[in-house]
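S.K.: For reference, the chains in residue letters:
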Amino acid sequence: GAVVSQHPSRVICKSGTSVKIECRSLDFQATTMFWYRQFPKQSLMLMATSNEGSKATYEQGVEKDKFLINHASLTLSTLTVTSAHPEDSSFYICSATAAGANVLTFGAGSRLTVL
Amino acid sequence: AQRVTQPEKLLSVFKGAPVELKCNYSYSGSPELFWYVQYSRQRLQLLLRHISRESIKGFTADLNKGETSFHLKKPFAQEEDSAMYYCALSSRGNNRLAFGKGNQVVVIP
Chain R
3 GAVVSQHPSR VICKSGTSVK IECRSLDFQA TTMFWYRQFP KQSLMLMATS
53 NEGSKATYEQ GVEKDKFLIN HASLTLSTLT VTSAHPEDSS FYICSATAAG
103 ANVLTFGAGS RLTVL
Chain B
74 AQRVTQPEKL LSVFKGAPVE LKCNYSYSGS PELFWYVQYS RQRLQLLLRH
124 ISRESIKGFT ADLNKGETSF HLKKPFAQEE DSAMYYCALS SRGNNRLAFG
174 KGNQVVVIP
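So the protein sequences, as listed, match chains R and B.
For the first sequence, the residue numbers in this note's numbering are 3 to 117.
For the second sequence, the residue numbers in this note's numbering are 74 to 182.
Errors might be hidden in some of the hints.
Cβ-Cβ distance ranges computed for the label pairs, FRET-style [as the list claims (entries may be wrong)]:
id	chain 1	residue 1	chain 2	residue 2	range
1	R	R113	B	Q177	10 to 20 Å
2	R	T84	B	L119	30 to 40 Å
3	B	I124	R	K16	38 to 48 Å
4	R	Q62	B	K174	16 to 26 Å
5	R	Q44	B	R169	15 to 25 Å
Derived list of chain B stretches under chain R, where covered just means 3 residues or more per stretch with a C-beta under 8 Å from a C-beta of chain R [unchecked claim]:
id	region
6	117-128
7	166-179
Pulled from the structure, derived: some chain R residues nowhere near chain B, Cβ distances all over 10 Å [to be verified]:
id	residue
8	E24
9	R26
10	Q31
11	D67
12	T82
13	T84
14	D90
15	I95
16	S97
17	T115
18	L117
The set of hints was computed from the structure by calculation and includes no laboratory data.
Predicted model only: the values in this text are computed from it and were never measured.
Cβ coordinates follow ideal geometry from the N, Cα and C atoms, glycine included.
All chains, please: the whole structure from these sequences, using the hints.
M.R.: What follows is the structure, given as structure tokens:
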């Protein structure tokens, strides 16, 4: 079955630094990937839609300069949290789907802790 | 705007008892409704979707457009059903999902 890998699964960084999270589709070409954020005991909140070869589409209220998304290949999308602050600490999850498919495959998530 | 409401946060049921997780939505267009499940230490995975009209692991969910609901039901809960369940909505043909807050289900042996 389709597999999506996220790396790293956990990351701790200092305030003011940038952190990159990778989302890879291992056995299919993901034309579209989605990034979500999940606070403790809260639901997943869609942050942005990432289409291969084009700019990401951000949801209302999500700062595109803060959360840089790159989807340069059909198997890789990256989320960079720039100048991270403690309030950016959260669980970040990606999902991916192939062209014409309407099934999402989720990654295991990446827990970011900003000190 | 898309909105999904799951009223109960935690649901504890005895093994063999029926389970019903409520989900109501608001959406002006033509929605697709889903239930996702997350077992302990595992990633989120699709449980079922309304367009499939199928039963998965004994679970069923019927889309009621009049009541804007998509409640999840299982007549006899099993211990392995203990998990977090999320109701989600997207517009038809669009994978942008709006999730409810989720229900933690604990099945008591």
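S.K.: Starting from the hint list further up, note which numbers the structure goes against and sort them upward.
M.R.: 15 and 16
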